[in-house]
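**Q** With chain A's structure known, arrange chain B on it following the hints.
There are 2 protein chains.
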Amino acid sequence: MRIDDLLREYRSVWALDHARSLLEWDLEVNMPVEGAAARGEALARLTLIRREYLLRLKDLVDKYEESKDLNDLERGVIRVLRRELKYYTSIPPEILEELDRTTTKAAVVWREAKKESNFEKFKPYLTKIVELEQTIADRLGYEGHPYNALLDLYEEGFTVNDADSVFNKLLPNLKTILEKIRSEGRFPERHPLEEVPYDVNVMRSINEELLKILEMPVGSRFRMDVSAHPFTISMSVNDVRITTRYEGKDFRATMFSVIHESGHAMYELMIDPSLEMTPVGRGVSMGVHESQSRFWENIIGRSREFVHLIYPLLKERLPFLKDYSEDDVYRYFNIVRPSLIRVDADEVTYNFHIALRYEIEKGLIANKLSVSDLPSLWNDFMDKYLGVRPRNDAEGVLQDIHWSQGSFGYFPTYTLGNVIAGMIYAKLPQLKDKVINRRFNEIREFLRDRICRHGAIYPPKELLMRAFNDTYNPDYLLNYLREKYLGG
Amino acid sequence: MRIDDLLREYRSVWALDHARSLLEWDLEVNMPVEGAAARGEALARLTLIRREYLLRLKDLVDKYEESKDLNDLERGVIRVLRRELKYYTSIPPEILEELDRTTTKAAVVWREAKKESNFEKFKPYLTKIVELEQTIADRLGYEGHPYNALLDLYEEGFTVNDADSVFNKLLPNLKTILEKIRSEGRFPERHPLEEVPYDVNVMRSINEELLKILEMPVGSRFRMDVSAHPFTISMSVNDVRITTRYEGKDFRATMFSVIHESGHAMYELMIDPSLEMTPVGRGVSMGVHESQSRFWENIIGRSREFVHLIYPLLKERLPFLKDYSEDDVYRYFNIVRPSLIRVDADEVTYNFHIALRYEIEKGLIANKLSVSDLPSLWNDFMDKYLGVRPRNDAEGVLQDIHWSQGSFGYFPTYTLGNVIAGMIYAKLPQLKDKVINRRFNEIREFLRDRICRHGAIYPPKELLMRAFNDTYNPDYLLNYLREKYLGG
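Sequence lines, in order, name chains A and B. The numbering of the first sequence is this note's numbering, which starts it at 746 and goes up by one. The numbering of the second sequence is this note's numbering, which starts it at 746 and goes up by one.
The set of hints was computed from the structure by calculation and includes no laboratory data. Because the structure is a prediction, the values reported are computed rather than measured. Mixed in with the good hints, there may be bad ones.
Treat identical chains as interchangeable: a pair holds within one or across any two.
[To be verified] When the alpha-carbon atoms are kept at most 20 Å apart in a straight line, the in silico SDA-like pairs for lysine to any residue are as follows:
#1 1060 with 913
#2 866 with 848
#3 957 with 778
#4 957 with 777
Same shape as in the complex, but just chain A (with noise of 0.2 Å):
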């Protein structure tokens, strides 16, 4: 290749970004307690070291950037060194010290606030950050709304008039589905097995039949572990790793955890071999992720097909399901009820919870909204857009871990995935024969195909209207929900 010299010099911030990965998952599955000072400190360093080495690439980047006749690939790589180099570039290290400063304290005093339900405590650091992240959008520079600088972070090129569609589109068409939904009662609201205890030796053999279920490479090129919360992160197309959690009770959570970072991993596990340590052997972005594991997980995962599939084995592994049925087990999973927290709610309810957290950013970035008017504006918000009320800020504005680690931006993305998500489900042919008939193979390949083998080549845009003529477009999401919950 032509870039050879660039690509060789890359390998070096390869192997840092290896090594932090390893750090960062040891950090969460393995670490004795005590050695989080030193963690840390190892962590920080490797971080200005990575920077050191990426920032080297600058004059050869400059170089390949000015020739015409690169290849996809090639000009995937320049694309995405081009990006890295521009968030240290143009953000001076001060202010990304100061960040990262205020984002350790924030961290530990969120979750003191929330454990008291005291927004105020927590206002001077939020305000701190939303400061932070306002300079650090100025210094990117943006065209339009100073958000863009920020959600374009996490989901290459997508700004807030993409958004506002988005979500002018989802938004009222949620609510008719929703109202329809709660009106003729054919999903449960609430359902006794929510309260059920479990065996966690019992559950984990199960997810590790599920494992097997879905074809994951344990082992080989893949393995699942516990931590507190669950995660995907990749070493190499050939180590990819999960982990799930053990909550006691309400046996969905920790299968369908293990389902949700399954189709993150498959992502990485999926890339292109030959763009492995690469600038572009990654998945490509945050919407496009999360597309993969949501589809795996609530498209798949929650479909009466797979139900079908996994219900003799949970029949045989957990005596409490012995009064009830496959259609009982199938509503289970399939509970769809507004409620206060996003972690825990539904494919219908679920965008909801992220655009108000939307909405809230944009504001704050624009200095259209004030940090102080948060909580009930919030609460206003829930009461809006699903007719709850939280009853304090624990259960309202201080509920997530994102605003205090600075990511603001990132929450869009999780729609992004659903919203893509449908588009899969629109264009894969005969998806429920292939997932009773446990043709996971081909769905794999399709999304191979489409999506995964690509890694960073093309930025996510270029990449959904090579895959499906169509980018971030609500209606197959729509209709797909529809179909389920409204249809047949």
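**A** Frame of chain A, contents of chain B only:
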């Protein structure tokens, strides 16, 4: 501290070492098998990056080396960094890369050659490695024997003269001790328990109890896992990890690997926390490190008092011990038998295996021996030292991995570990009393005070003089062995 700027810069090197340690630990303990290629590349890159960051310290080290008013810690830091700089600056990178390439291939070939018991297959690689080690010795420089340059890499300041005087004292006396043990027949040469299979889960639970008895800080600063070969690794004074393995029979093996590795781990856990992230926050040498593991494994773990302590636990959990008394178990733990394989050797015969390797390495590096002569030379040595003769090269010259890795100069530190463990035994008051009463804390505090807390502040000979007013003196080990095997 006056050398603050140097220590601050050094933290990047430390962070890279922290990361490399975790990458290596994970490689042995967790990694999905196909992740090996990416892991190898990441480790190689991180090693190069570490080299670059270390070399950046040269000017500061030069500057402080001139300074007259350094304290012990500062002098230690400069000494350790000077040694590292010397290694990188006196050996051309091409030589290190060639050694790396050669040993990577040699490790594979050695495994095959051992399986086929075919020394000829390994010979060209070993020849090449010996040449490279000779070059490295020349580049490093030495006084007296060229092998001194290599010994110094593993045991700072240790020379052929030192080694000769250790072995010249040890071997004839060990021979006499061994003959007496065998003629008196008080310790068995075989034991039926060697062949009894065990339940892995039961042995796992016994090992966990052993960690409790040894008061290891499981979960807070320490953990134990499983790998193909037991080892200890330290990521921080607050994050030290060991591994063991379960071979399915001869239950001593996994137990004593746990005690052995716990000894290594205690060393790292007892380094003064103020040395964390500095160049002296590590064990000072391989010999001193091995003294900790062998003291805990052999002198404590195989003692009558320790057996008395754990016999009830073993009896309770291992049904096959029902017809074996405490004394039977003690004798099983202390089988003495001239044998062919170093890693299976007992306290009395072990150092003969090392003496043989020492003589061969010394001769090879000085060009007084030829690689072609090794198989017969090996077998003759075994005959002379222990009266046993390998039937083939797999149980002779091909048994160890070390030479395929280019670790010339490493073997003698195993004997130094035994010798220093004997010195500790002689100097630690009322050891038997402390063990029988489970006053392990007092044993740890003695080791912490004399050895562990100092990290690498003093070179090993100085550390031993400060601790015991003596260095590498084998008399104590001989006295210990006479007392245990011939006494009372």
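**Q** Against each hint, give a clear statement of whether it holds in the structure.
**A** Okay, the hints, checked on the actual structure:
1. 1060 with 913: So residue 1060 and residue 913 fail the 20 Å test inside a copy (42 Å) and across (72 Å) alike.
2. 866 with 848: Cα proximity of residue 866 and residue 848: one copy only (14 Å, versus 58 Å across).
3. 957 with 778: Only across copies: residue 957 and residue 778 sit 18 Å apart there, 32 Å inside one copy, limit 20 Å.
4. 957 with 777: Classified as between; 16 Å across copies, 31 Å inside a copy.
Comparing the model with each numbered hint stated earlier shows that hint 1 is the single one that does not hold.
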